[in-house]
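**Q** Chain by chain, the residues:
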Amino acid sequence: MNEILLNINNLSISSMPEHKTLVGSVSFSVRRGEPFTLIGETGCGKTLIAQALTGVLAKDLSATGSIEFDGPNLVGLSGKERRKLWGRRMFLLPQEPRLALNPTMRVIKQVSEVLRYLRGQQPKNALKNAGTLISDLGMSSSRDGRHYPFRLSGGMNQRILLAIALATPAEFIVADEPTKGLDADLRDSAVRLLQNLVEQGKTLLCITHDLAVARDLGGNIAVMYGGYIVESGPAEKVLDSPVHPYTQGLIKASPENGMEPIPEHVLSSMKTAWNSSGSRQMEACL
Amino acid sequence: MKVMAYIPESSRLQVATGAFILLSVALLSMIGPHLTPDPSTQNLSSVFADPSSEYLLGSDHLGRSVAARLVRGGANSLFNTLLCVIGSVLIGVFLGLFSGWYGGFIDATIMRLVDITMSFPGILLALLIAGLIGGGQIAVVGALTITGWPDYCRITRAITQNVKSRPYVEAGVLAGFSGRFILRKYIFIEILPQIAVLATLGFGRTILNISSLGFLGIGLAPPEPEWGAMIAESLPYLRQSPYLVLAPAAAVSITVFSFLLVGQPLARALKK
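So the sequence lines, in the order shown, correspond to chains H and G.
Going by this note's numbering, 273 is the number at position 273 of the first sequence; the sequence numbering is gapless.
Going by this note's numbering, 198 is the number at position 198 of the second sequence; the sequence numbering is gapless.
Mixed in with the good hints, there may be bad ones.
Said to hold, decoys possible - Calculated lysine to aspartate or glutamate pairs in the EDC-like style (CA-CA distance at most 20 Å, straight line): (1) K59/H x E81/H; (2) K237/H x E68/H; (3) K237/H x D210/H; (4) K164/G x D107/G; (5) K185/G x E224/G; (6) K180/H x D216/H; (7) K80/H x E96/H; (8) K80/H x E170/G; (9) K271/H x E231/H; (10) K202/H x D216/H; (11) K109/H x E190/G; (12) K252/H x E199/H; (13) K84/H x E171/H; (14) K59/H x E170/G; (15) K59/H x E190/G; (16) K109/H x E170/G; (17) K84/H x D107/G; (18) K164/G x E96/H; (19) K180/H x E170/G; (20) K80/H x D70/H; (21) K202/H x E34/H; (22) K202/H x D136/H; (23) K180/H x E41/H.
Rather than coming from a laboratory, the hints here were simulated on the basis of the structure.
Modelling step: build the complete structure from the supplied sequences, incorporating the hints.
**A** Below is the structure:
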C-alpha cells in the first residue's frame, strides 16, 4: 500500500475569463492515516484547494497541475468519475452542521441511510450500527438519535456529521473550517472528534484559520498566504520555530500571542517577490 | 388529526364541512348505484314522473330514474376526475423533478412544453383533442390529463430548485448519494404537501371541466350517465321539469364548492 494517499503537485486555480490566478502552484502531500492541516487567513485559497480536490469548483474556475489521489490524477476528471469517489473514497465534512443535515429526517436515520446506501447494509443492521456510531461519539442513540436536527445543539449535530463520516467507507476526509463559529470549549471537543477520525484509520485534511486547531491535531501543516504555501512541515516545528516571516507574523497575530498585526513590510516584501517572479496573486489578500 | 393542526382555527369548520360533503358525495357515488334501479332502463309510460318512492327524484324524458342516473353519473364523473388528477400529478411531478434537478437543456425543453400547453385554455385543448380522437372516456381523461399537468410540473420544479440548493442536499450529493436517491428521499417529501393541496383544488376544476365536456357531448357514450351530459339532455325540458337540470347542476356545484372549502384554507396555510 502506498504510504502517500494524496499528492498535490503544482496545483494552480485561476478564474476563467480573466485568467486571474487565485491559487498559484501549490504542492504538498498527505500521508495515509495522518492528519494534514492547511492554515491561512480568509481568502488565501485554502477552501479552493478543498473544492478542487473534491471536484466542486465553481464553473468559472479552472484547475491545472495534478492532484494524485491514491494514484490517478483528479484534475480534469469527469463528473461521473467524481461521483464514484464521493462518499466511497473521500468525504467532505460540511461546514455548517445544522444546515448540512436533512431537517425532515431523524438523525439516526440519516446515519443509517449512509450505511445502507454506501455499504449495502440491511435496514435493521444499518439502524443498529448507526446507533453504535452515535453512542460511540458520546450521545444517546435512543434519545438524541431519535431527534430531528433542529432539536440538537450545534455540537451534537457536528457529532452526527462525524458519525456519518465514520459510517462512509471513505478513507479520506476533508474538513473545511470544522471549528467555524464554535467557542473555545466546543472547538476543543471538535478537534478531539477529528482526532477520533484519524484514530479510526481515516486520513484527514483539515482546513482552518485557527492555529490552535492545527497545533492540537498535529501531523503536517502548510501555511498559505495569497494563494501560495509559504511554509510547511510538521505542526510543532512550524508553529514553535517558524522560519518564514509571514508565519512568524501569523503566530504573533493570534489572540493568545497579543494579536499583533502582521507587519506591513512582511506582506509588501512578499508582494514584490511574487510580482518580480511574474505571478499574480489574489486581490483579497493583498 | 395531524392535518388539522396546520389549519387556522377560524377555517377548521369550513374544512370539516367541505370534507364531510365530499365524503358523503363519494360514499353516495360508491354505494348508490347498488341501491337504485338500472340508470339506463327506459320506461316510456312514466316520463317526467314526479318524485315518488319509485323515482326518488322523478324520471326524465325517457322515463329513467334521475336518482339512479345522478349517483351513477357521480361515480363516473368522480372516477374520471380521479384518473385525470392522478395522471396529471404523475406526469407533472415526474417532469418537474427532472426539470428542476437536472436543469439546462432538459429544463428548458420541459418548460417550453409547459408554456405551450399553458398557452391554450385547458378546455379548448381538451375539446380539440377529444374532437380529434373522438369522444369517450379515454379521450376526455387523456385530454384533461394533458392539459392538467403543467401546474404540478411548475410547482414541483420550483420546489426542487429551491431544495436542491440547500446545504444538506449538497452534502448528500458529496456523501455519494445518487440523484435518484436524493430526489426520492430529500426532495419528494418537500413536494408532497404542496402537490396534495394543489390536487385538491385541481379536483374541483377537473370535475367542472369534465362536466363541461359532458355538456358539450364529448364524454361517455350515452346512455351511460354523467353530470354534464344529464344537464345537456334535460335542458330542453327546463320549463316543464326544472329539477331535471337542477339536480345534476346542484351536484356539480356542491362537489366543486366542497373541494374549494377544503382546498383554499390548506393552500393559505401552506403559503405562510
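**Q** K185/G and E224/G were given as a pair; does the straight-line alpha-carbon distance stay at or below 20 Å?
**A** violated (43 Å)
**Q** Between K80/H and E170/G, does the CA-CA distance stay at or below 20 Å?
**A** This hinted pair holds, its Cα atoms lying about 16 Å apart.
**Q** Is K84/H close enough to E171/H, meaning Cα to Cα at most 20 Å?
**A** Roughly 14 Å separates the two Cα atoms, so the pair holds.
**Q** Taking 20 Å as the top limit, are the C-alpha atoms of K59/H and E81/H close enough?
**A** holds (17 Å)
**Q** Hinted pair, alpha-carbon criterion (20 Å max): K84/H, D107/G. Please report holds or violated.
**A** Distance of about 25 Å is beyond 20 Å: violated.
**Q** Next pair to validate is K164/G with E96/H; report whether the Cα-Cα distance is within 20 Å.
**A** Holds, because 16 Å separates the two Cα atoms, which is no more than 20 Å.
**Q** Between K252/H and E199/H, does the CA-CA distance stay at or below 20 Å?
**A** violated (31 Å)
**Q** What's the verdict on K180/H and E41/H, does the C-alpha distance respect the 20 Å limit or exceed it?
**A** With Cα atoms ~13 Å apart, K180/H and E41/H stay inside 20 Å; holds.
**Q** Given the proposed pairing of K109/H with E190/G, does the C-alpha separation stay at or below 20 Å?
**A** holds (17 Å)
**Q** Has the given pair, K202/H with D136/H, been kept, meaning a C-alpha gap of at most 20 Å?
**A** holds (16 Å)
**Q** Between K180/H and E170/G, does the CA-CA distance stay at or below 20 Å?
**A** Holds, because 19 Å separates the two Cα atoms, which is no more than 20 Å.
**Q** Are the Cα positions of K109/H and E170/G separated by 20 Å at most?
**A** holds (18 Å)
Violated hints for the displayed structure, listed by number in ascending order: 2, 5, 7, 12, 15 and 17.
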